[in-house]
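Novice: Each residue of the sequence shown is one higher than the last, beginning at 1 in the UniProt record's numbering.
It cannot be assumed that every hint is accurate.
[Claimed, not checked] No farther apart than 16 Å at their CA atoms in a straight line, the calculated lysine to aspartate or glutamate pairs in the EDC-like style are these:
#1 Lys219 - Glu20
#2 Lys219 - Glu233
#3 Lys219 - Glu25
Please keep in mind that the hints were generated in silico from the structure rather than gathered at the bench.
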Amino acid sequence: MANVAVVTGGASGIGLAVCELLTAEGWHVAIVDRTTDGTAVAKRLNAMFVEADVSDYKNVFDAFSAVWRRYERLNFVFANAGIIERQSFYSPPQGDHGGLVPTFDISTINVNLSGVIFTSHVALQFFRRGEDAGPKSIIMTSSSSGLYPNLSAPIYAASKHGIVGFMRSIAQRLYSQDGISVNCINPGTTRTGIIGTEEWNIFPAECISTPEQVATIVKSIIESSSFHGQAVEIVVDQTFPRGPPPFLDERMERLTACADRLIG
Numbered sequence: 001m002a003n004v005a006v007v008t009g010g011a012s013g014i015g016l017a018v019c020e021l022l023t024a025e026g027w028h029v030a031i032v033d034r035t036t037d038g039t040a041v042a043k044r045l046n047a048m049f050v051e052a053d054v055s056d057y058k059n060v061f062d063a064f065s066a067v068w069r070r071y072e073r074l075n076f077v078f079a080n081a082g083i084i085e086r087q088s089f090y091s092p093p094q095g096d097h098g099g100l101v102p103t104f105d106i107s108t109i110n111v112n113l114s115g116v117i118f119t120s121h122v123a124l125q126f127f128r129r130g131e132d133a134g135p136k137s138i139i140m141t142s143s144s145s146g147l148y149p150n151l152s153a154p155i156y157a158a159s160k161h162g163i164v165g166f167m168r169s170i171a172q173r174l175y176s177q178d179g180i181s182v183n184c185i186n187p188g189t190t191r192t193g194i195i196g197t198e199e200w201n202i203f204p205a206e207c208i209s210t211p212e213q214v215a216t217i218v219k220s221i222i223e224s225s226s227f228h229g230q231a232v233e234i235v236v237d238q239t240f241p242r243g244p245p246p247f248l249d250e251r252m253e254r255l256t257a258c259a260d261r262l263i264g
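Could you build all of it, start to finish, from the sequences and the hints given here?
Specialist: See the structure below:
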């Protein structure tokens with residue numbers, strides 16, 4: 001029986017490369033994307049396409065429900081959909097309030113962080129619904145900006161740091177209680193459509209990953225069933241797994257252990 005994957009943001013970039021790799025390996029792949037470009041991609045790959053906005057929980061739930069109705073199985077979820085920030089934190093547009101702006105665009109947080117949380121929460125429900133003994137894995141797309149400061153895109157960086165914290169917080173329990181491997185990837189600059197051609201010229205070519213290189217690493221993580229709770233930094237085609245940071249004070253370690261006992 002073929003394994004089943006759900007890939008958000010699967011119509012382009014890293015998500016598309018993962019879809020291409022998995023379908024070539026015989027997986028059933030469901031592409032979840034808010035752009036209708038996914039229809040043509042799914043046809044080319046003989047995959048399933050579901051149009052959905054990951055920042056809307058019901059959209060995500062309905063997408064997974066459609067996948068379940070078709071396959072009644074789930075083995076891998078790539079919570080990958082993401083966008084760059086739409087509004088500069090430093091130079092907000094002029095408004096009609098004496099130079100002050102009463103609103104701020106946080107769609108980057110809604111898609112990148114809330115979307116990953118929603119996707120993971122819905123995935124957990126459907127993983128628990130399945131009865132087969134196949135692999136169960138969630139990989140989230142963070143970024144090197146989830147590990148290091150990003151002066152040019154602080155809201156994007158905040159969303160990607162949030163993914164690392166969320167992953168580290170759920171990984172141990174989901175692995176021990178549900179057998180679900182949870183990790184995130186933190187690629188460095190990867191050539192996708194997230195920025196324009198002129199902006200790409202800023203970066204040294206030898207330091208840029210391709211989506212295909214990242215997809216190969218994603219596949220290797222899926223296949224390492226005991227690998228969990230890791231933020232995998234990717235530099236071109238090299239990987240540097242990062243576990244949780246060590247406690248620097250014994251009291252903080254004790255406090256954290258006490259807080260962990262509060263979960264239901």
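Novice: All hints are to be evaluated individually against the structure, with a verdict given for each.
Specialist: Okay, the hints, checked on the actual structure:
About 11 Å separates the Cα atoms of Lys219 and Glu20, which keeps this hinted pair within 16 Å; it holds. As the CA atoms of Lys219 and Glu233 are separated by approximately 15 Å, the hinted pair is consistent with the 16 Å bound. The straight-line distance between the Cα atoms of Lys219 and Glu25 is roughly 10 Å, inside the 16 Å bound, and the hint therefore holds.
The structure shown violates none of the earlier numbered hints.
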